[in-house]
Amino acid sequence: RGPAGARGPVRAGGGSPMQQMQGAQQQPGFGPPPKKSNSGLIVGAIVGVIVLGLIIIAVVASSGPTPEESTKQKAKDEAQQRKEEMAKRDAETKAKNEAILAPIKAAKDQASAIEAALRNENAPTLEGMFDWSLYSAYNKTLVDGDRGTAYLNNPLFAVGEWEKVNDRYTGKYIGKEAYGPDGLKDAIMGYIKEYFFGASDLHYDKAKTESDGGQIGAEINGTKYLGVKVFIEFKGGGKTKEFWLAAPEGSTDVRIINFVDGGALKALSEVIGKKNPRNTDDRNIMRDPNENKDPNNPDNNDPPENADPDANLPAMAKTGGMPTDAALVNAVEDMKRNGEINRARTKAIQTATSSKEKKATMGAFIDQLIDAVNGNDRRRKANISKTLYEIWSGFCFADQTEDKMVYSMGFDGQSSSDLIVRRWIQVYNNYKGDD
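As numbered in this note's numbering, residues 1 to 435 make up the sequence shown, in order.
Watch out, some of these pointers could steer you wrong.
Claimed, not checked - List of simulated lysine to any residue pairs, SDA-like, C-alpha gap at most 20 Å: (1) K235 <-> Y191; (2) K318 <-> N342; (3) K432 <-> S393; (4) K105 <-> T93; (5) K356 <-> G321; (6) K235 <-> T353.
To be verified - Derived Cβ-Cβ restraints for the label pairs, each shown as a range: (7) Y169 <-> G238: 39 to 45 Å; (8) K239 <-> S415: 37 to 43 Å; (9) N97 <-> S354: 48 to 54 Å; (10) A317 <-> K172: 43 to 49 Å; (11) N429 <-> E402: 18 to 24 Å; (12) K105 <-> R337: 55 to 61 Å; (13) D77 <-> G213: 20 to 26 Å; (14) E98 <-> R168: 54 to 60 Å; (15) A218 <-> S354: 42 to 48 Å.
Please keep in mind that the hints were generated in silico from the structure rather than gathered at the bench. Backbone N, C-alpha and C fix where the C-beta goes; we use that ideal spot for every residue, glycine too.
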């Protein structure tokens, strides 16, 4: 070591610890200088813009539109409101019209289906087209209405019975109360099967049905029904028949709610009510027993007193008669198949214009009557001879009354004689069949 008090070399970073710390604090750090922040300026700018916008809005709001602008806007708003209200009314009117037209159009579309069911004698289809509960309700309103007596005293619409005086029918029907659904169905369908099925030239009047006069409106049980009357006509049918097809407003599920036949009571009273059991066809006038007398040989014209009127009847032999007219052929076939024909078939024969065709039809019935007599078929004997008498009684001689021309079905038994057949052959031979 050196002499006392001499200083040796000084170490880097020498000195006391305190001096070293102070020295360190005085020396600057290394790296780039720290950046200054702009966030304060940006926030200030945004706040300024917002404040300025609020000031502008406040100024504009406080100023408001001019009176002219307000008037124009009000007129524009009112016009738009009127336009919307008009569009709403138009939509409601259109919807109402469509609701009204829907059942009417559907009814017109279904009209031909009624005609087809009648022409094809399709009872199940026709029966299914009726709403019997609804029809019964409507029928009851008619029976209970101002003209109720006319409906009550009609076998198609009310429960009742045919009037008798001294055990003879008067042709008047006395009704008691309106039919329920089942009774109405039996009465109406029974009548239609008897008087419509097999009718000649049956058709519906399309022009009349689709006219304004064909439209209907009826209120039943608080519901309004709209539709059309389907007008049905056929040869010898008399007054036009009506089937009312209808449905509630807006619906297309049309059903038959009413049936009208102005000639029904008269037709039924003549047949069922026994008011006039004889045929009233003006072609079938009672024959004059003297029409075939020979004026040049008077001795042979007057039969001897108490002579047997059946003494010179022709023998029982088939005529071979058969019509060619379709309606009359159907009548003959129905008689052969069922042993009877309905009123529509009977009417078709009565109203046929060809006497040749009518004579051929008479001959065909006589031939079937011969088969029934030979087979002892009591029902066929009665029905065929009764039909012959109903149609051609006007061509019988005065003494050829019903009891002599029809095989009875009474409890006293039925004649097995062929006299009735031979009498009909006599009528047939005398019938002029040249048109």
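**Asked** At the C-beta level, are D77 and G213 separated by a distance inside 20 to 26 Å?
**Response** Hint violated: Cβ distance 49 Å, outside 20 to 26 Å.
**Prompt:** Has the hinted range 48 to 54 Å been met by the Cβ atoms of N97 and S354?
**Reply:** Given a distance of about 52 Å, which is inside 48 to 54 Å, the answer is holds.
**Request:** Evaluate the given range 43 to 49 Å for the C-beta pair formed by A317 and K172.
**Result:** holds (45 Å)
**Prompt:** Is the distance from the Cβ of N429 to the Cβ of E402 consistent with 18 to 24 Å?
**Reply:** holds (21 Å)
**Request:** Compare the distance between the alpha carbons of K432 and S393 with 20 Å, and conclude whether the hinted pair is satisfied.
**Result:** Cα-Cα ~15 Å, so holds.
**Message:** Checking one constraint from the list: CA of K235 to CA of Y191, max 20 Å. Satisfied?
**Reply:** holds (17 Å)
**Request:** Below or equal to 20 Å on CA atoms is what counts here, so check K235 against T353.
**Result:** holds (11 Å)
**Item:** Verdict for K105, R337 (Cβ pair) under range 55 to 61 Å
**Value:** Between K105 and R337, where Cβ atoms are some 40 Å apart, the hint is violated.
**Request:** Could you grab the alpha-carbon distance between K105 and T93 and see if it respects the 20 Å cut-off?
**Result:** holds (18 Å)
**Message:** Would the hint linking K356 and G321 be met if the CA-CA limit is 20 Å?
**Reply:** Since the Cα atoms of K356 and G321 sit roughly 10 Å apart, the hinted pair holds (cutoff 20 Å).
**Request:** Starting from the range 54 to 60 Å, see whether the pair E98 and R168 falls in it by beta-carbon distance.
**Result:** Check passed, 59 Å falls within 54 to 60 Å.
**Message:** Looking only at beta-carbon atoms, does the pair A218, S354 fall within the given range of 42 to 48 Å?
**Reply:** holds (43 Å)
Checked against the numbered hints given earlier, this structure breaks hints 2, 7, 12 and 13; the rest are met.
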